[in-house]
Structure formats: C-alpha cells, structure tokens
Amino acid sequence: MPSSVANEGFKFPTRRQISVSSAELPASRQLSIGSPINSPPPPVDVVDEAQLQSEQSENIILHKTSSSSSSSSATLATSSGYKSRRNGWQVKGSKLSLNTHNRIRNIVESLKIKPNPAKPMIPLSIGDPTTFGNLKAADETMKAVLHSLESGKYNGYAHTQGHEASRIAVAKYSAHQRPDGEIEPNDIVLCSGCSSALEYCILALADRGQNVLIPRPGFCLYNTLAEGLDIEVRHYNLLPEQQWRADLVQLESLIDENTAALLINNPSNPCGSVYDEKHLRQLIDICERHYIPIIADEIYEHFVFPGSRHVAVSSLTREVPVLSCGGLTKRFLVPGWRMGWIIVHDRQQRLGDALHGLKNMCGRILGSNTIIQGALPDILTKTPQSYFDGVIDVLYANAKLAYNMLKQVRGLNPVMPNGAMYMMIGVLIKHFPKFKDDVHFVQELVNEQSVFCLPGSCFELSGYVRIVLTVPGPMIEEACTRLSEFCERHYKKEDDTNDRRIIEHGLLLDDDEVTPY
735 MPSSVANEGF KFPTRRQISV SSAELPASRQ LSIGSPINSP PPPVDVVDEA
785 QLQSEQSENI ILHKTSSSSS SSSATLATSS GYKSRRNGWQ VKGSKLSLNT
835 HNRIRNIVES LKIKPNPAKP MIPLSIGDPT TFGNLKAADE TMKAVLHSLE
885 SGKYNGYAHT QGHEASRIAV AKYSAHQRPD GEIEPNDIVL CSGCSSALEY
935 CILALADRGQ NVLIPRPGFC LYNTLAEGLD IEVRHYNLLP EQQWRADLVQ
985 LESLIDENTA ALLINNPSNP CGSVYDEKHL RQLIDICERH YIPIIADEIY
1035 EHFVFPGSRH VAVSSLTREV PVLSCGGLTK RFLVPGWRMG WIIVHDRQQR
1085 LGDALHGLKN MCGRILGSNT IIQGALPDIL TKTPQSYFDG VIDVLYANAK
1135 LAYNMLKQVR GLNPVMPNGA MYMMIGVLIK HFPKFKDDVH FVQELVNEQS
1185 VFCLPGSCFE LSGYVRIVLT VPGPMIEEAC TRLSEFCERH YKKEDDTNDR
1235 RIIEHGLLLD DDEVTPY
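Count the sequence shown with the numbering used here and you get residues 735 to 1251, in order.
Honestly, the hints are just simulated from the structure, not real lab data.
Beta carbons are placed, not taken as given, at the ideal position from N, Cα and C, and that holds for glycine.
Where hints are given, some of them may not hold.
Said to hold, decoys possible - Think about it this way: if two alpha-carbon atoms lie no more than 16 Å apart in a straight line, the pair counts; the simulated EDC-like pairs of lysine to aspartate or glutamate are:
| no. | residue 1 | residue 2 |
| --- | --- | --- |
| 1 | Lys829 | Asp1010 |
| 2 | Lys906 | Glu966 |
| 3 | Lys877 | Asp1112 |
Claimed, not checked - DEER-style ranges, computed between Cβ atoms:
| no. | residue 1 | residue 2 | range |
| --- | --- | --- | --- |
| 4 | Pro1118 | Gly943 | 43 to 53 Å |
| 5 | Asn889 | Arg1144 | 34 to 44 Å |
| 6 | Ala852 | Asn992 | 46 to 56 Å |
| 7 | Lys826 | Glu884 | 14 to 24 Å |
| 8 | Arg1084 | Lys817 | 42 to 52 Å |
| 9 | Lys906 | Glu1182 | 46 to 56 Å |
| 10 | His910 | Arg837 | 10 to 20 Å |
| 11 | Lys1093 | Ser831 | 21 to 31 Å |
| 12 | Lys1093 | Lys829 | 52 to 62 Å |
| 13 | Pro851 | His1024 | 53 to 63 Å |
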C-alpha cells in the first residue's frame, strides 16, 4: 500500500510528545507494534493526569521485591486474570512426548551385547534396503531428481497436499487400486514418507479414548503413532500356521463402538505374508458389518515373490472406505527421500469430516519435499520394469536360501515369506534352556556369532526372530551358517513330537486352498 494512503489522516506526534515515556500511560493507551497505524493514541499532553493516575492504580498492582536474584520472578497480578508467575524452573515433558515409545528401540537398547571380535558383524535387523550397498536406486530415479533440482521450479512451497502434477502422477501409478482405474488428484495426499501417511490416517480417524485394530505381529510404529495420543491399540492375531492370516474370530471380538479403524499391512512387515483375495474379502466383510474404515499399509505392494499376487484391498469394495498408504521408500530404494502418500478411496462418501480433517493434517508441516515432488512424474513412469524385477530376484533368492538352510536347523521353524523383505523364524525356546526368551536368544547370538536379528518381542510376538533379506547372498548364507552353529551348540533335545509345528514349504493352508509354490 502506498505510504500516502497508509498514513492518510495520521499526524505524527511532536518531539515533546515522543519524549514522554510510554511507561506513564496505562496499558490500554500504549502504542504497540501491532496497533493500527491510523488509530493513534490521543496526544499525551491532553490526557487528564487524574484520570491517568486512577487508571494506573486500578489496572496495575506492582509488588515490591527484594534486591536478591529472585526479584526477577516477582508476582504480577492484573485485572486480566493472571495470578502468579513461576518462582523456579518447572519445565515438564508433554504427555504426548512421554507416552511416545518405539518398541524396537527400547528392546534393542536394553540388550547387553558385545559382538565376537573374531567374526565380522552381520546385521540382519535393519529394515533399510540400501544399508549394504548391493541394492541401489535406478539411474532413472536419480536423473529425475537431478532434473527437478536443476529446473529451479521446485524450491518453494507447494499446495499442502502436493503439487498437482505430482498427485496426478501418483493417481496414474496407483490406478490398479480401483476396478475402474479412476483416481482423482484430489484423492491423493503427499506426505513425508509412509510413516507420516500412517500418522495422518490414524490421527484423522481416531480420537483420544477410541481404539484402532493393529496386527500382531506387526510394525511397532503403529503403536508409537497411536499410544502417544491416548488412542488405544488392540492387537488382532496373525496365525503363522496359516501363512500369517488374521484370526477372524478373535479380531471381530475386539470391536466395539469406539473402534475407529482396522489397519491391514499387506504385504507384511515383519511376516512377509501376502493376503489372497478370499482373505481380504473376509476382512472387508467384518468392516462392512461394523461400519469400520480401513487403513491399508501397502508400502510393499510391489514386493511380491513369484507365485503370489498382491491385491489392493480398495479394489474389492465400494462400501468400506479405505485409506491406502504407499510411497517410494521400498520399491524405489530411497527411504531417506521421505516421499509417501495417502490414496483416499471413499466412493460412497462415508468419511465425512474425517476427510476434511485428513487434509487439514497436511498443514502441520506445509507439505512434503518439493524437489522429490517435482521428480515424481519421471520416477514413476521412466523407471523400467527390469529394474524392479532385478530387486525381486535378489530378495526371492535370499528368502529361498535362508528358508532351505534354516528349516534343517533343530529348534527353528522358518516361515517362507511370499513378499516384502523379511522372514520370521520361530524359535522353540524350550529347547534352548540357557535362554529365557527370544530377546535373550538374540543377545547371545550377537555375542557368540556376531549375527544380529530382531527378537519377535519387538513386534508383539515372543518366540520368534525376524531377519531381513536385503543383504548380499554370501552374507545371508554366512549368517544362516552361524545361526545353525549357534543352535546346534545350545539345543537340548526333548520329545517335541506333539509341540513342534512342522511347516511344509512355509505353509499350512486350508484343505481347499492351493499353495503358490
């Protein structure tokens, strides 16, 4: 606004007026930075002194303080309702921060480990596929980011849901999630990684005092995101003898009027399971009967091994609203780039103001990384299928190698995965009396063999360990050899005919179902 217009009607005070201390004025008469410039206080020299003194006495009470160091924390009482100020440091952590826990971190940090110096460390615990350097992002992915950066078009803020061109690219890339293949860009929310996408979904659907249904075993981040806000987590059981399908009866028993959402992780971390259409329809049926929306963690949707097929749960229902979470992290091998998304499937418009709330959540951090947003169209369209096939080949070869080696080891029950990048291995702990549980087993495995797995307790299921399959082939072979040596050394033979579950090819299916292997 031109200064001539902004200052219209305003007369600057005289030197005499300026020299009068503003401290002599009541708070209601002082000119602050936020005061409208065309509404100045009246000149000081026309203020009635008696009125001024009266206002000062009425509105401000100054308490005398001693000359000690505590004088700075004097009590100040005013008519606006302030009662007292602190007389010392009283900083407290927020309830949210103190209730936020990462189960993996808590368990791992409690371990007393000292790897065997005679054996190089093999960490089979890290869910980052880039850790070992054998799996790298595609050249096309790298060039897309370079082009985005050099264009200079993506250095500023974007729409809080993401640049429209980027959302259009995700909509086209994810068209398989609907039977008609029609996803609108307004149905896409770009987030800072899939973790952020999951957080937005949980917070948009669930309130304090409500509950969400989460798989056990399951990714511990689900608990971390919910429990800090006093959202109750209820675990539904996955059955290892049924390739980690959900226990439908137990799941349905957890539902009440405060159940806000069912979270389905397919393909699964840590299980490596891939649900078939029949089982997904069973889960959908439960949600439809009880009017519960679904949060679908499908970050591994394209990490599926030969013989299995991923089916997006949203493609099977028009009645149950689904919030599908995905991203670049795993398939494109760029977890540090923090690019995830939510795809809203709500064809009957049943999410109501929860959808508005979801989009409000985007304003918390004003959108995700814009450089990566600018690269999304090229990343999603130009990365060749041969690249993805090569990654799957590595994971599948490692899974077969580990399964074939470990199923021969006494005391272990590996479950052959159908996808993702993990394998769960049952540990018959009663045959290892030296160890009290799976956490103790892992600790001593590190100390003796320098092989680090994650105990199943990290995923709410004791009696198992989880290994990652992203390491180089020779490394996973060496790790399985060491694990075999460790078990043979500590195994105590008992008659376990009635207790040990023999899992042929990693599967115990219903009689009417066909194994994919």
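To see whether the hints hold, each was checked on the structure:
1. At most 16 Å may separate the alpha-carbon atoms for a hinted pair to count; Lys829 and Asp1010 exceed this at roughly 41 Å.
2. A distance of roughly 36 Å separates the Cα atoms of Lys906 and Glu966; the hinted pair therefore is violated under the 16 Å criterion.
3. A C-alpha spacing of about 9 Å is found between Lys877 and Asp1112, which places the hinted pair at or below 16 Å, so the restraint holds.
4. Range check, Pro1118 to Gly943: about 49 Å between beta-carbon atoms, so the 43 to 53 Å window is met.
5. In this structure, Asn889 and Arg1144 break the distance hint of 34 to 44 Å, their C-beta atoms being roughly 59 Å apart.
6. Range check, Ala852 to Asn992: about 55 Å between beta-carbon atoms, so the 46 to 56 Å window is met.
7. Look at Lys826 against Glu884: about 48 Å separates their beta carbons, and that is not inside 14 to 24 Å.
8. The hinted window of 42 to 52 Å between Arg1084 and Lys817 holds, with their beta carbons roughly 47 Å apart.
9. For Lys906 paired with Glu1182, a C-beta distance near 51 Å keeps the hint of 46 to 56 Å intact.
10. Take His910 and Arg837: their Cβ atoms lie about 33 Å apart, and the range 10 to 20 Å is violated.
11. Checked against the given bound of 21 to 31 Å, the beta carbons of Lys1093 and Ser831, roughly 26 Å apart, stay inside it.
12. In this structure, Lys1093 and Lys829 break the distance hint of 52 to 62 Å, their C-beta atoms being roughly 26 Å apart.
13. Distance hint check: the CB atoms of Pro851 and His1024 are about 56 Å apart, consistent with the given range 53 to 63 Å.
Of the numbered hints given earlier, the model fails hints 1, 2, 5, 7, 10 and 12; all others are met.
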